[in-house]
Amino acid sequence: MSTSPKTSPVLPSTPGTVHGNNASSSAITGSPFSPRNLEDHLVQSAQDPTAAQDPTAAQDPTAAPPSVPLPLTSAQTSSAASAQTSSAAPAPAIGQGPTFAPASPGTNANGLGDAPPATAAPGNGATNRFAPEADVAGPEMNTEAIRQTLENIRAQIDSLFTGRSPPEQDHAAQLLALRTDITTLAVLAEGRLAERQAAENARNEAEWQLGLKQAELAALESRIESKDRLLNSQETTFRIAIAILEERARNAEARAADFEAQCGRRDEDVRNVRDEVSKLERENSSLFYSVREQKELVAAREKTIREHEATINRLKEQVTTITKDKLRAEDSLMKTEQELTGAKSKHEAEIYNLQKSACHGECQIKLLQAEMRHQEEVSQLMEDALKSQVQNHEQKLAVETQHKESLKSLLAQEATKNNELREDNNDLDKKMTQLDVEKARLTEEVEGLKRQLCEAESTIQTLKGEIQSLQGENLRLRLEITELRVKVKTLEEKLDAAQKQIDELKEELQAETQKREELVKDYEKRLGEQAQAHHRALEELRKAHDVELKKLQEQHQTRLNDWMQQIYEARQERDAARDRATQLANECNDLRVELSAKQMALDLAMNRLAQLDPQA
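Read in order, the letters of the sequence shown are residues 83 to 698 in our numbering.
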């Protein structure tokens with residue numbers, strides 16, 4: 083909409099023509115269709131549907147029923163009135179001034195029909211009270227309503243050049259127009275009530291969703307507690323099984339020791355070699371376990387690095403979202419400033435138009451006063467020149483006095499119009515104060531947006547600091563991983579060296595066994611048949627003992643392997659349960675964040691609804 087004011091053409095001033103728009107507005111304020119009465123009627127119709135009937139039914143018995151078609155527009159009404167008055171109004175006699183009929187209940191001080199109230203127009207403040215965009219488009223709609231009212235008044239003034247319309251037809255057209263405006267306002271009020279009901283339904287839906295999310299959260303927490311209890315029971319079961327297996331291992335070792343005691347003394351060299359082999363095997367197992375622990379530590383460090391990288395990416399996304407919010411807030415700030423400047427320019431144009439109309443009214447008053455003085459001078463000259471012919475010109479004097487009285491009545495009407503213009507100026511001052519209050523509120527909103535921008539910038543700075551700290555932590559973890567990899571490599575080298583030593587000792591053991599066999603063969607040759615028989619019996623006994631020892635060792639090894647497998651599986655199940663618990667905790671946190679975000683969105687929507695509709 084353009085903000086440049088529309089200048090109306092100045093009509094020629096004649097003795098029987100009156101310009102202005104205040105008489106019609108003053109006549110309307112006393113009618114039952116004033117803005118205050120219309121608002122009360124809309125409130126009653128919103129509370130009681132039976133009260134939304136035609137308010138003119140009790141005041142005007144000649145009004146049409148509710149099933150009457152739509153009324154004529156202002157241009158059609160003025161053309162019809164001009165056509166009827168041109169055929170019915172008598173022309174004034176020659177030598178006489180314009181005659182003025184008394185104001186009827188359906189006409190105003192200018193003889194015009196009651197114009198439809200400006201407050202019932204679609205762009206008026208009475209309708210803006212029910213519209214959500216009333217805070218922004220209020221001055222524009224008021225300006226448009228004032229311009230429309232001025233155009234209607236000008237059209238009615240133009241109809242005075244041809245004649246006056248009958249009061250009854252003007253009153254009926256006005257009632258039809260007012261009935262249409264009342265139905266429009268009732269429809270708008272019903273729309274506002276429907277919007278309010280929709281907002282209540284949305285709020286109930288959000289509360290229901292919140293209850294569902296809380297129930298899901300409680301179910302997840304109960305599942306986490308059950309998983310924790312199951313994990314604790316499994317850990318206790320694993321500990322009991324480990325204790326039983328350790329006891330069985332101790333019993334097996336005791337039986338093996340008894341068996342070794344029963345078998346007799348072994349050769350000292352073989353025992354020493356076996357002791358060294360067992361020591362190397364223990365060192366090998368310890369090195370294997372240390373290597374596995376180092377690998378697990380490396381995997382944990384890599385997992386921590388991945389988590390830190392994910393955190394860095396998430397913080398970067400938060401920074402981008404905050405910058406987008408900052409740009410959005412700056413755009414809204416620019417829009418509010420543009421709206422303030424537009425409202426200010428429109429209000430200044432309004433004031434300029436009204437001041438111009440006030441100056442025009444004052445100029446008309448001065449012209450009428452000058453004309454009245456001129457008529458007084460003419461009458462004085464006629465009295466001085468025609469003193470001898472007083473009896474013959476009594477009729478002319480009566481006409482002049484009547485004309486003078488009519489001019490005085492016009493002067494009084496212009497004075498009342500001037501007072502009404504002053505009242506309009508006071509109303510404009512009140513509107514100025516309201517606009518100042520609105521401007522203060524908008525400035526407060528602008529300050530709030532600026533504070534939000536500052537907070538967003540501080541949040542961005544803190545997030546950048548966190549990102550830098552996480553990057554430093556990531557670098558430190560990478561250094562630790564490299565150190566652990568170096569340690570793993572050295573441990574693998576030590577493990578290879580120990581394996582080589584074990585192979586060498588096995589070769590030495592084989593060589594010693596071969597030497598022993600050779601010595602045994604020599605001993606058997608020297609001892610003879612008795613020694614051979616005794617040696618055979620001893621070999622059979624040793625073989626039996628070796629078979630039994632191998633069986634016991636195999637049983638112990640199988641039990642030990644089963645025990646280690648069970649421990650490994652139990653640890654895997656425990657790790658899986660812990661991962662599931664952490665996953666459930668993360669899901670709970672996500673649900674809490676989503677619930678808080680939805681609650682914030684609901685609060686923002688309710689605040690916006692309260693700002694748009696202060697009567698909600």
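You may find that some hints are simply not true.
Dumping the calculated DSSO-like pairs for lysine-lysine here, alpha-carbon to alpha-carbon at most 27 Å [as the list claims (entries may be wrong)]:
1) K532 - K521
2) K417 - K571
3) K377 - K571
Just the calculated beta-carbon pair ranges, DEER-fashion [unchecked claim]:
4) E527 - A497: 44 to 52 Å
5) E526 - L493: 28 to 36 Å
6) Q665 - A297: 16 to 24 Å
7) Q665 - N689: 33 to 41 Å
Since the hints were derived computationally from the structure, they do not count as laboratory data. All values reported here derive from a predicted model rather than from experimental measurement. In this text, a Cβ means the ideal position worked out from N, Cα and C, and glycines have one as well.
Results for each hint:
Taken as a hint, the K532 and K521 pair is honoured in the structure, with Cα atoms around 16 Å apart against an allowance of 27 Å. A distance of roughly 66 Å separates the Cα atoms of K417 and K571; the hinted pair therefore is violated under the 27 Å criterion. For the proposed pair K377 and K571, the alpha carbon gap of about 11 Å is at most 27 Å, so the pair holds. Distance hint check: the CB atoms of E527 and A497 are about 45 Å apart, consistent with the given range 44 to 52 Å.
The beta-carbon spacing between E526 and L493, approximately 50 Å, falls outside the hinted interval of 28 to 36 Å. A hinted range of 16 to 24 Å for the beta carbons of Q665 and A297 is consistent with their spacing of about 20 Å. Taking the beta carbon of each, Q665 and N689 are about 36 Å apart, inside 33 to 41 Å as hinted.
Taken one by one, the earlier hints fail for this structure at numbers 2 and 5, listed in ascending order.
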